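The listed protein sequences derive, respectively, from chains A and B.
All letters in the first sequence, in the order written, are residues 1 to 415 by the numbering used here.
All letters in the second sequence, in the order written, are residues 1001 to 1256 by the numbering used here.
Treat the hints as calculated values from the structure; they're not laboratory data.
The model shown is predicted, which means the values in this text are computed figures rather than measured ones.
One or more hints might be untrue.
In silico DSSO-like pairs for lysine-lysine, Cα to Cα no more than 30 Å straight-line [stated by the list, open to error]:
#: 1; chain 1: A; residue 1: Lys209; chain 2: A; residue 2: Lys10
#: 2; chain 1: A; residue 1: Lys121; chain 2: A; residue 2: Lys10
#: 3; chain 1: A; residue 1: Lys10; chain 2: A; residue 2: Lys20
#: 4; chain 1: B; residue 1: Lys1198; chain 2: A; residue 2: Lys358
#: 5; chain 1: B; residue 1: Lys1172; chain 2: A; residue 2: Lys358
#: 6; chain 1: A; residue 1: Lys255; chain 2: A; residue 2: Lys358
For the chain A half of the interface with chain B, some residues (derived, Cβ under 8 Å), not all of them [as the list claims (entries may be wrong)]:
#: 7; residue: Gln342
#: 8; residue: Ala345
#: 9; residue: Thr346
#: 10; residue: Glu376
#: 11; residue: Glu398
#: 12; residue: Thr402
#: 13; residue: Gln403
#: 14; residue: Ala406
#: 15; residue: Glu409
#: 16; residue: Gln410
#: 17; residue: Glu413
#: 18; residue: Lys414
Beta carbons are placed, not taken as given, at the ideal position from N, Cα and C, and that holds for glycine.
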Amino acid sequence: MAEAKAVEIKKLAAAGTLRKLLADHFYELDQAVKAGHPKIAWCTSVGPAELLRAMGFLVYFPENHGAMLGASRMATETIPTANAIGYSPEVCSYLTSDIGACLQNRTPLSAAYEGITAIPKPDVLVYNTNQCRDVQDWFAWYGQRWSRPVLGVECYRGVGEVTDVHVAGIAGQLEALVPPLEEIAGARLDPERLRETVRLSRQCSDLWKEVLETAAAVPSPLTFFDSTIHMAPAVVLRGTQVALDYYRALLAELKARIADGVAAVANEQHRLYWDGMPIWGRLRDLATLFLELRTCVVASTYANSWIFNALDPDDPFRSMARAYTELFIVRSDPYKEKYLEQMIATFAVDGLVFHDAKTCPNNTNCRHGMPQRLQERLGVPSITISGDLNDLRCYSDEQTRTQIEAFVEQLAEKR
Amino acid sequence: MTSRWSLGLDIGASATKAVLLDGERVQARALCKSGADFAAAAKACRDEVLTSVGLAACDIERTVATGYGRHRVDFASTSVTEITCHARGCYASFPRAITIIDIGGQDNKVILLEETGARRSFRMNRKCAAGTGAFLEEIAGQLGTPLAALNELARQGTGNVELGSFCTVFAKTELLAWIARGTPLPELARAAFRSVVKRILEMDPLAGEVVMTGGVVAHNALIVELVSAALRREVFVPEYPQYTGAFGAALIARET
Ligand code: SF4
Chain A
1 MAEAKAVEIK
11 KLAAAGTLRK
21 LLADHFYELD
31 QAVKAGHPKI
41 AWCTSVGPAE
51 LLRAMGFLVY
61 FPENHGAMLG
71 ASRMATETIP
81 TANAIGYSPE
91 VCSYLTSDIG
101 ACLQNRTPLS
111 AAYEGITAIP
121 KPDVLVYNTN
131 QCRDVQDWFA
141 WYGQRWSRPV
151 LGVECYRGVG
161 EVTDVHVAGI
171 AGQLEALVPP
181 LEEIAGARLD
191 PERLRETVRL
201 SRQCSDLWKE
211 VLETAAAVPS
221 PLTFFDSTIH
231 MAPAVVLRGT
241 QVALDYYRAL
251 LAELKARIAD
261 GVAAVANEQH
271 RLYWDGMPIW
281 GRLRDLATLF
291 LELRTCVVAS
301 TYANSWIFNA
311 LDPDDPFRSM
321 ARAYTELFIV
331 RSDPYKEKYL
341 EQMIATFAVD
351 GLVFHDAKTC
361 PNNTNCRHGM
371 PQRLQERLGV
381 PSITISGDLN
391 DLRCYSDEQT
401 RTQIEAFVEQ
411 LAEKR
Chain B
1001 MTSRWSLGLD
1011 IGASATKAVL
1021 LDGERVQARA
1031 LCKSGADFAA
1041 AAKACRDEVL
1051 TSVGLAACDI
1061 ERTVATGYGR
1071 HRVDFASTSV
1081 TEITCHARGC
1091 YASFPRAITI
1101 IDIGGQDNKV
1111 ILLEETGARR
1121 SFRMNRKCAA
1131 GTGAFLEEIA
1141 GQLGTPLAAL
1151 NELARQGTGN
1161 VELGSFCTVF
1171 AKTELLAWIA
1181 RGTPLPELAR
1191 AAFRSVVKRI
1201 LEMDPLAGEV
1211 VMTGGVVAHN
1221 ALIVELVSAA
1231 LRREVFVPEY
1241 PQYTGAFGAA
1251 LIARET
């Protein structure tokens, strides 16, 4: 038969611990809703989580829920409900799938965690527009629905060099969040606790970075698809000790893989870089396809988004401001191009896969000639896959498969 | 003893093509409708080509399957994408740096080859079928014209009707407006052809020598003429454009 042999995805042992960590996270939130305390803050994935945690809030990340809606493919059924109330199929499908799920009284949490029937209602919603404006609209919808306060930070866009002016602007907004948050929390911000949270968050970020950098080994012990799963603690648990313990164990496992010559993709022949959002509903299919093609997607802009080098416990507000402005997504195209060039070199990749996500222009970097410029300058080929993070109506399995296979055939010709 | 026969099968969205090579020489070609059963179409096409030269399946050394249905061919030695096969087939006819435009039933591809035949890059059309064979089929239906007659009809048009939209559905709505105004059919058919050409010109700057392949090109020479007019230079077409993918697959079968 012409079809490639079925291959098994090599799971990391740490996945078991991860499942437990996430279960604890969601049960703790669910319990807090039932008990009425601690207070719950919703936060965007690269929002000021450290501040919220330091003020005693339990933090819930709707984007994480969005990813679960995508991965479980429940999104396909919930997006149309949000479209029907006026949220266009062209806007963020995390937003539309999440709002649609709320309107349908559904959540993938119910299937994953027995006894949880709904997402945790917030006491406050806090966004940072560093990633996009959609998060603001998203949080505003819930704020209005449940009459809860929505606070936020308005970020700069297309930033070249991050200057003191940027930092001062954002730090000022972060500091301005404190009084209303204190009022909601019913307690004063303890500066020592904030420093400690920033310290833990920085350590988490450093460990996550080390985890991702193991993929520079040839063959790589880690794939992009693994990282989309194992990044969860860096998103939802940064600023906690359990996240550090988790990444130390994961790092040890990956280092052992390197020492033992264990490849994430057996007989790795080609190495690719993924730019853009994951296609959550097709993660497994794509991971399997690349395995069959003996091609390892070793690194990604997406998983790197939770590396915050600038966090500094001695200067919490300013360092948070810098860390959340230094992010790739906030930066100018020339910066992004340089960054990708660095990634190509660090991870010794043979080519790039750009995901043109229909509903997330913010995480899509192939619409202004970037792939062509990189090929022209560095001779690194790429493909652009049309798809979406959650809306599978914008995705063609067959066309994507053909493109990826053809790309790998092209890389093989070069060898 | 090694057999000298190799077979390429291109199971496309609408037609399945077979090319049989005797050493380096094309010995036979066959074409069947792909229908809803790709495996059956592949087998029927193979059997047709074999019967035409009096061979049996066991005489074939290697078979390479390509096209949409490539993974459905259980008797193939391997499968290779149509992008690689079209590139290989075209390069055999035009062994130099070329830009290939392949217009298929469901998608369009632009493939850039280096002097050596190595692929530099390729692009596929976006998700919509606008600009593909499926688009022309839709338009033929709307105009009540057999698909096979569309080319000649479009030739009679002068080109004074323009379709502006990207999307097949919008293009059909635009056509409706022109129909309501009593526009002659040849103008509408020509507008559809020009729309296909526009979709292609959007995909790539189409530098250098351009070669066009695929079933749509085989049956609609006007498309090639319009691309050539837009680029202001000659556009090349292999002798059997619809068989380019199958030919490339057969060449790969012979080489591997
Ligand atoms: S960055 Fe993209 S995926 Fe994330 S919330 Fe904004 S629009 Fe949605």
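- Task: Could you check the structure against the hints above and give me the numbers of any it violates, in ascending order?
- Result: Of the numbered hints given earlier, those the structure breaks are 2, 6, 7, 8, 9, 10, listed in rising order.
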